[in-house]
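Single-letter residue listing:
Number of protein chains: 4
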Amino acid sequence: MNNKVDLNCDMGESFGAYKLAMDEEAIKYITSANIACGYHAGDPQVMAQTVDMALTHGIGLGAHPGYPDLMGFGRRKMDVAPGEMKNYFIYQIGALQAFASSKGVKLQHVKPHGALYNTAAVDKELARALAQVIYNLDKDLIFMVLANSEMEWAAEEIGLKYAREIFADRHYNSDGTLVSRSNPQSVIKNSDEAAKRLVKVIKTGQIEALDGTSFPVKADSICVHGDTPGAIQHMINLRQSLEEAGIDVISMGKFIR
Amino acid sequence: MNNKVDLNCDMGESFGAYKLAMDEEAIKYITSANIACGYHAGDPQVMAQTVDMALTHGIGLGAHPGYPDLMGFGRRKMDVAPGEMKNYFIYQIGALQAFASSKGVKLQHVKPHGALYNTAAVDKELARALAQVIYNLDKDLIFMVLANSEMEWAAEEIGLKYAREIFADRHYNSDGTLVSRSNPQSVIKNSDEAAKRLVKVIKTGQIEALDGTSFPVKADSICVHGDTPGAIQHMINLRQSLEEAGIDVISMGKFIR
Amino acid sequence: MNNKVDLNCDMGESFGAYKLAMDEEAIKYITSANIACGYHAGDPQVMAQTVDMALTHGIGLGAHPGYPDLMGFGRRKMDVAPGEMKNYFIYQIGALQAFASSKGVKLQHVKPHGALYNTAAVDKELARALAQVIYNLDKDLIFMVLANSEMEWAAEEIGLKYAREIFADRHYNSDGTLVSRSNPQSVIKNSDEAAKRLVKVIKTGQIEALDGTSFPVKADSICVHGDTPGAIQHMINLRQSLEEAGIDVISMGKFIR
Amino acid sequence: MNNKVDLNCDMGESFGAYKLAMDEEAIKYITSANIACGYHAGDPQVMAQTVDMALTHGIGLGAHPGYPDLMGFGRRKMDVAPGEMKNYFIYQIGALQAFASSKGVKLQHVKPHGALYNTAAVDKELARALAQVIYNLDKDLIFMVLANSEMEWAAEEIGLKYAREIFADRHYNSDGTLVSRSNPQSVIKNSDEAAKRLVKVIKTGQIEALDGTSFPVKADSICVHGDTPGAIQHMINLRQSLEEAGIDVISMGKFIR
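Protein chains in written order, with numbering that gives the first Met the number 0: chain A, 0 to 256; chain B, 0 to 256; chain C, 0 to 256; chain D, 0 to 256.
Mixed in with the good hints, there may be bad ones.
Here are the simulated BS3-like pairs of lysine-lysine, each with C-alpha atoms no more than 25 Å apart in a straight line [to be verified]:
| hint | chain 1 | residue 1 | chain 2 | residue 2 |
| --- | --- | --- | --- | --- |
| 1 | A | Lys160 | A | Lys123 |
| 2 | B | Lys188 | A | Lys105 |
| 3 | C | Lys138 | D | Lys138 |
| 4 | C | Lys18 | B | Lys18 |
| 5 | D | Lys123 | C | Lys138 |
| 6 | C | Lys217 | B | Lys18 |
| 7 | D | Lys160 | C | Lys102 |
| 8 | C | Lys160 | C | Lys138 |
| 9 | B | Lys253 | A | Lys102 |
| 10 | B | Lys102 | B | Lys138 |
| 11 | A | Lys3 | A | Lys195 |
| 12 | D | Lys18 | A | Lys18 |
| 13 | A | Lys123 | A | Lys102 |
| 14 | A | Lys105 | A | Lys76 |
| 15 | C | Lys160 | D | Lys253 |
| 16 | B | Lys199 | A | Lys138 |
| 17 | A | Lys18 | D | Lys76 |
| 18 | A | Lys123 | C | Lys138 |
| 19 | D | Lys217 | D | Lys102 |
| 20 | B | Lys199 | B | Lys138 |
| 21 | A | Lys102 | A | Lys27 |
| 22 | C | Lys217 | C | Lys202 |
| 23 | B | Lys102 | A | Lys102 |
| 24 | B | Lys160 | A | Lys102 |
| 25 | A | Lys76 | D | Lys27 |
| 26 | D | Lys105 | C | Lys105 |
| 27 | C | Lys253 | C | Lys105 |
| 28 | B | Lys160 | B | Lys188 |
| 29 | C | Lys188 | B | Lys18 |
| 30 | D | Lys102 | C | Lys105 |
| 31 | D | Lys202 | D | Lys217 |
| 32 | B | Lys102 | A | Lys160 |
Ranges of calculated distance between the beta carbons of each label pair, as one might list FRET restraints [as the list claims (entries may be wrong)]:
| hint | chain 1 | residue 1 | chain 2 | residue 2 | range |
| --- | --- | --- | --- | --- | --- |
| 33 | B | Phe214 | D | Gln205 | 43 to 49 Å |
| 34 | B | Ala80 | A | Gly229 | 46 to 52 Å |
| 35 | B | Phe214 | A | Glu24 | 41 to 47 Å |
| 36 | C | Lys138 | A | Gly211 | 54 to 60 Å |
Residues of chain C placed beyond 10 Å of chain B at every Cβ, according to the derived structure [to be verified]:
| hint | residue |
| --- | --- |
| 37 | Tyr17 |
| 38 | Arg74 |
| 39 | Asp137 |
| 40 | Asn182 |
No wet-lab data here; the hints were simulated from the structure. Here the structure is a predicted model, which is why all the values come from computation and not from measurement. Even for Gly, the Cβ is constructed at its ideal location relative to N, Cα and C.
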């Protein structure tokens, strides 16, 4: 269906003396970076370096705000009221915007992190709060959303630009949700299988669920990971497969209107 | 010498369940608010509320970044390298800029907090680093500096706007430095005496030091405090004395070029 | 039923420059202090001062551990796995134990804070995890539990000492749970009414629920608050009413076996 | 001079999702672990796991408290008053003591971390404050000190047990201080050279300084690192060299009286 797709990856999740992932390698193969903003991961040094690195590689800059839980890496749900989460969002996005603006550039997108992403995908009030905050900050920002989730509907309603995301290495249920990681079949470990599957999703606009049924999805961006063994090779394979199939792999900012 | 002066006060230093100072009262009598940015004090909720409150009262918005030391309230010197402090500055100022920009306004000034202010006043490399960062973020931002300090020289050198600050309730040494708080005469406790003294400083451009000698100072802003007993009454007295002496009490953004 | 009761109050919830509640006053009227341990509130300075103050007044020392959420004051539920919460508990209780042991005394009890308390009251796995950790640290420690909750059953099962707590100013439902704060009748604001009611509960071993029915409760400790207007006067009234009714107001450590 | 020496290594400096160093390997070759306590590094999960691992290998458990500066990994000096640092020490040591006591064991030693260690080595008031706190907490605890530093004199004065530490890979000045890392010759990179040198130091009680002169040192423990490339091989070489020279490599707790 589409002949364009973005590849996004979480970046800048190191902190102080702690180094996480292989950002210097991963950044060569992706088109958009989701940069941690100091709440679940990242610190000002890391943010400055990651913005510089992304600019060097000409990829899209995105804020990746999360819950204020460094010890839990933002992976634990917290009962933060939507009105309060709005302010946490402004704080984190604003901090990253300043690193971009001090280099004369603007952010391309915002993607919530971890447990916040999962919660906003199913919680209408939270999804709207986040979409509204992004819209107020900068109408040109793209909200990166789980395809077919409350986040997508919130962006649509508010008139905020959005990019629908699918996951490179995950199986889906027939209702469009991700198969839980507790199911041993949830993760697609074979790199070639994952790449072929994604080419088909982009080309056909259909995902085959684990039960064999299909459902429609319009995918603007594919989420890849840079912190697992073999991650870089997976990215290279995926990018090559997409390009061989005639799909342009470019930053979402170049095709999301 | 001047017939205009700004009154600035630290604001938004509450955190979570912890309330500090009487911002709601103090904000009625000042013309510029230095708003904490979450490192030494303040949190996103407090920042949002303080920005709203300052806009309601039509006063200038300033960022008040500090060391990352909430437990010490930013009052303890930390050996942070200037290059790293630059990034802490960008982070904190950017976070506050976003609260302003989501309301459609811009920040007026930046004033470093506590031990960072004291260190930058005497450390040339740090002063330059901070001035440079502010200049890169927004050339219209005013750097609030201790009069006659390394911060003033740094702003001058870089071509950054600056406002020279004096303290409402403190005695000075003949070399322009503040009398140490360890000296029992360091703080002027009598509200009328302090007000008269400040009127004279603004009118004459001279400060009388504790030893009776005088030295020149161009004061653009007077720092007042909102967290001590009697603070609000001091502000009222001071503002009235200044106005009765024909001095305009207005936001620094209206006269600093 | 009982002729003895303990009065407990949260203490040591100040942090750095932030002062909370009137601990110096409240401590005169209570018999057990629940001392914050640096996660949801409190810091090492405050812990040291609060332990000293409690020893001066001869009251029981308790640890008051919470979620690692200073910004939310531990009032927001976090999805922390019970196994991980065990280690947060050891950390916080151990830190306070050291302040006690450096003064040659031991802790009397442990009371979870805020959202952690509410969660442990209804989550069997979490309640058991917390009870087990306390038992492993020191078999003499008393677990302060919501009467008739999962915490009580967990302590009973493990063989850990426990004190059943009721709230001085709250109405109950007929099933023993607290009436939600969203119900305007949830809080008993009249000090005399609250005091009379508590005397009756201690004397009869029955609580009258908001719907008029009664249910049995064995209350070992009454939770009072020191951070609201009129709080100190409420404590004085309550203590006087209890004593006039012939009830001994003493530290739980003196009667819990 | 001695025929016994302890090998100590910093451990448990991971945090949340961040893994640091190769503790699982390093722990096989050392005799004492300095375990981070959550201020400069470490978290309750990591502390629990590190205590378990150290017990499995039968080595001495030590607390490794630092400044409250996770972002700077405790490597930046902070102007914390000695009286306040005492309470930070009690807090951190107490937290680790609880992990030990919940396993039925006691801590062997305390070693300050990073900038705190460097400051206490030259600041008499701070050194005494730390030594006094350790003594108050548990008279059997060993204070691990830089040989010939203010920490050693403070322990001596107070009557606290102490272990004098030297560094496996560092050159010394003739006055007993370490050659600054800014000097390219400061670090001994050749593993065999470092091992031979340390055997000689232990055997003769003399260190040869970089300028060729010698000075006396009684070394009870050698500090090794587990976080650099080749670190594990260095440890193996060192331990083998020491044992071949007839030096017992055992936990300091077995020979410090």
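Structure-based check of all given hints:
1. Pair hint Lys160 (chain A) plus Lys123 (chain A) holds up; C-alpha atoms about 17 Å apart against a cutoff of 25 Å.
2. For the proposed pair Lys188 (chain B) and Lys105 (chain A), the alpha carbon gap of about 49 Å is over 25 Å, so the pair is violated.
3. With a C-alpha separation of about 24 Å, the suggested pairing of Lys138 (chain C) with Lys138 (chain D) holds against the 25 Å cut-off.
4. Restraint check: the Cα-Cα separation between Lys18 (chain C) and Lys18 (chain B) comes to about 8 Å, which is no more than 25 Å; the hinted pair holds.
5. A C-alpha spacing of about 40 Å is found between Lys123 (chain D) and Lys138 (chain C), which places the hinted pair above 25 Å, so the restraint is violated.
6. As the CA atoms of Lys217 (chain C) and Lys18 (chain B) are separated by approximately 37 Å, the hinted pair breaks the 25 Å bound.
7. Proposed proximity of Lys160 (chain D) and Lys102 (chain C) is supported: the alpha carbons are some 20 Å apart, at most 25 Å.
8. This hinted pair checks out: Lys160 (chain C) and Lys138 (chain C) have alpha carbons roughly 8 Å apart, not beyond 25 Å.
9. Between Lys253 (chain B) and Lys102 (chain A) the alpha-carbon distance is near 28 Å, which puts this suggested pair outside the 25 Å criterion.
10. Distance check on the hinted pair: Lys102 (chain B) and Lys138 (chain B) sit about 20 Å apart at the alpha-carbon level, within 25 Å; holds.
11. Taken as a hint, the Lys3 (chain A) and Lys195 (chain A) pair is honoured in the structure, with Cα atoms around 16 Å apart against an allowance of 25 Å.
12. Between Lys18 (chain D) and Lys18 (chain A) the CA atoms are separated by roughly 8 Å; this keeps the pair inside 25 Å, and the hint holds.
13. With a CA separation close to 35 Å, the supplied pair Lys123 (chain A) and Lys102 (chain A) exceeds the 25 Å bound.
14. Between Lys105 (chain A) and Lys76 (chain A) the CA atoms are separated by roughly 30 Å; this puts the pair beyond 25 Å, and the hint is violated.
15. For the suggested pair Lys160 (chain C) and Lys253 (chain D), the alpha carbons sit about 38 Å apart, so the restraint of at most 25 Å is broken.
16. For the given pair, Lys199 (chain B) sits about 50 Å from Lys138 (chain A) by alpha-carbon distance, which is inconsistent with the 25 Å threshold.
17. Restraint check for Lys18 (chain A) and Lys76 (chain D): the C-alpha separation of about 22 Å stays at or below 25 Å, so the hint holds.
18. Distance restraint check for Lys123 (chain A) and Lys138 (chain C): the Cα-Cα separation of roughly 47 Å exceeds the 25 Å cut-off, and the hinted pair is therefore not satisfied.
19. Between the alpha carbons of Lys217 (chain D) and Lys102 (chain D) the distance comes to roughly 33 Å, so the proposed pair goes past 25 Å and is violated.
20. A distance of roughly 32 Å separates the Cα atoms of Lys199 (chain B) and Lys138 (chain B); the hinted pair therefore is violated under the 25 Å criterion.
21. Under the criterion of a C-alpha separation no larger than 25 Å, the hint pairing Lys102 (chain A) with Lys27 (chain A) is consistent with the structure, at around 20 Å.
22. Between Lys217 (chain C) and Lys202 (chain C) the alpha-carbon distance is near 10 Å, which keeps this suggested pair within the 25 Å criterion.
23. Of the supplied pair hints, the one linking Lys102 (chain B) and Lys102 (chain A) holds, its CA atoms being roughly 24 Å apart against a limit of 25 Å.
24. This hinted pair checks out: Lys160 (chain B) and Lys102 (chain A) have alpha carbons roughly 20 Å apart, not beyond 25 Å.
25. For the proposed pair Lys76 (chain A) and Lys27 (chain D), the alpha carbon gap of about 38 Å is over 25 Å, so the pair is violated.
26. Restraint check for Lys105 (chain D) and Lys105 (chain C): satisfied, since their Cα atoms lie roughly 17 Å apart, inside the 25 Å limit.
27. Distance check on the hinted pair: Lys253 (chain C) and Lys105 (chain C) sit about 14 Å apart at the alpha-carbon level, within 25 Å; holds.
28. The straight-line distance between the Cα atoms of Lys160 (chain B) and Lys188 (chain B) is roughly 32 Å, outside the 25 Å bound, and the hint therefore fails.
29. Straight-line distance between C-alpha atoms of Lys188 (chain C) and Lys18 (chain B) comes to about 24 Å, which keeps the hinted pair within the 25 Å bound.
30. The suggested pairing of Lys102 (chain D) with Lys105 (chain C) holds, with an alpha-carbon distance near 19 Å, which does not exceed 25 Å.
31. With a C-alpha separation of about 10 Å, the suggested pairing of Lys202 (chain D) with Lys217 (chain D) holds against the 25 Å cut-off.
32. As the CA atoms of Lys102 (chain B) and Lys160 (chain A) are separated by approximately 20 Å, the hinted pair is consistent with the 25 Å bound.
33. Separated by about 58 Å at the C-beta atoms, Phe214 (chain B) and Gln205 (chain D) break the suggested range of 43 to 49 Å.
34. With their beta carbons about 37 Å apart, Ala80 (chain B) and Gly229 (chain A) fall outside the hinted range of 46 to 52 Å.
35. The supplied range of 41 to 47 Å is broken by Phe214 (chain B) and Glu24 (chain A), whose beta-carbon atoms lie about 59 Å from each other.
36. The hinted range of 54 to 60 Å is satisfied by Lys138 (chain C) and Gly211 (chain A), whose Cβ atoms lie roughly 57 Å apart.
37. Its beta-carbon lying about 4 Å from the closest one in chain B, Tyr17 (chain C) breaks the requirement of being farther than 10 Å from that chain.
38. Residue placement check: Arg74 (chain C) does not keep its beta carbon more than 10 Å from all beta carbons of chain B (closest about 8 Å).
39. A cut-off of 10 Å between C-beta atoms confirms that Asp137 (chain C) is not in contact with chain B; the least separation is 28 Å.
40. With a least beta-carbon separation of about 23 Å from chain B, Asn182 (chain C) lies farther than 10 Å from that chain, consistent with its non-interface assignment.
Going down the numbered hints, you'll see the structure goes against 2, 5, 6, 9, 13, 14, 15, 16, 18, 19, 20, 25, 28, 33, 34, 35, 37, 38, while the others check out.
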